[in-house]
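When you line the sequence shown up against our numbering, it's residues 2 to 283, in that order.
In case anyone wonders, no lab produced these hints; they're calculated from the structure. Hints are supplied without guarantee of correctness; some may be wrong.
With a straight-line cut-off of 30 Å between C-alpha atoms, the simulated DSS-like cross-links for lysine-lysine are [to be verified]:
| # | residue 1 | residue 2 |
| --- | --- | --- |
| 1 | Lys143 | Lys217 |
| 2 | Lys217 | Lys72 |
| 3 | Lys267 | Lys113 |
| 4 | Lys224 | Lys143 |
| 5 | Lys123 | Lys143 |
Everything numeric in this text was worked out from a predicted model, so none of it was measured.
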Amino acid sequence: MSKRIIYECLVKIDETNFSVLLDDNYCGHATVSPIHDHPVFEAHFILNGQYVLQANDQKIILGSNTGCIIKPNVFHSILPMDPVTIKFCFKFFIVNPSPLLSHIMKSRKWEKGIFIYDQTTKEIEYLNEILMEFEHRDIGYKTSIENLFSQLLLTITRKIMDTQRTKEDQELTAYEVLVNEIDEFLYKNYMKDISLADMARHMDISERQVNRLMLKVYGSSFKRKVIQIRLTAAKNMLLQNSDMTVAQIAEAVGYNDPYYFSRVFKNSTGKSPEEFRRKADS
């Protein structure tokens, strides 16, 4: 059963909106967590002690001053090795698909959907300050929490994306420019009735070239990638906007027919939009 969400806030990094979810597992002794997955990122920061993270087919020991970010839809479980293990844990997701989300997901630092790193002093300072603000609730505490999470997510994002690159790496190749153009076009227009021909015209290259790039970058066709982006946006809306109907969400992500949207959603996830929302709320 999912843990109860006790606090949610929205923060912004440049033009990208993040939603941060805190539950009653935010800070304290690590407890056994059976294998599960969810459509959001999950972050763990260990203050002291150790526990075993099992994700997919790998077992990883997380120790003091370690950070661990888990990609969406990665099955994982937690088993404490020490009864005094103390950790911070929270979830987050990007509200609407964006180029930043694409760059994060494509980082070469992920190992089977997991990113682990040490030297987390700054992150743990932010997390402790957030805890103090949440406990004391002085005037302006919500603004302070949002600012702290903004700094925390910026720090995490930079480490995932490895912005400290060499001068040679910083010079974009013609190929990278095209990939960035594809990302920008898709994430700005996925909710519209767009076609492969529209993208080719926008980029001033042939449809065949676009297709080759799509297969090379994403391993999928233009049509499949648009569906993937739409469904990612729909999942986030189902999680975040409980007042929106399935029909409204379908229209917001580019489907005029809610029944067709529900069929596409179930074919992809194995659940109807309503079932997906109920499971997330349970």
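Now the hints, each set against the structure:
no.: 1; hint: Lys143 with Lys217; in the structure: 44 Å, violated
no.: 2; hint: Lys217 with Lys72; in the structure: 22 Å, holds
no.: 3; hint: Lys267 with Lys113; in the structure: 25 Å, holds
no.: 4; hint: Lys224 with Lys143; in the structure: 41 Å, violated
no.: 5; hint: Lys123 with Lys143; in the structure: 20 Å, holds
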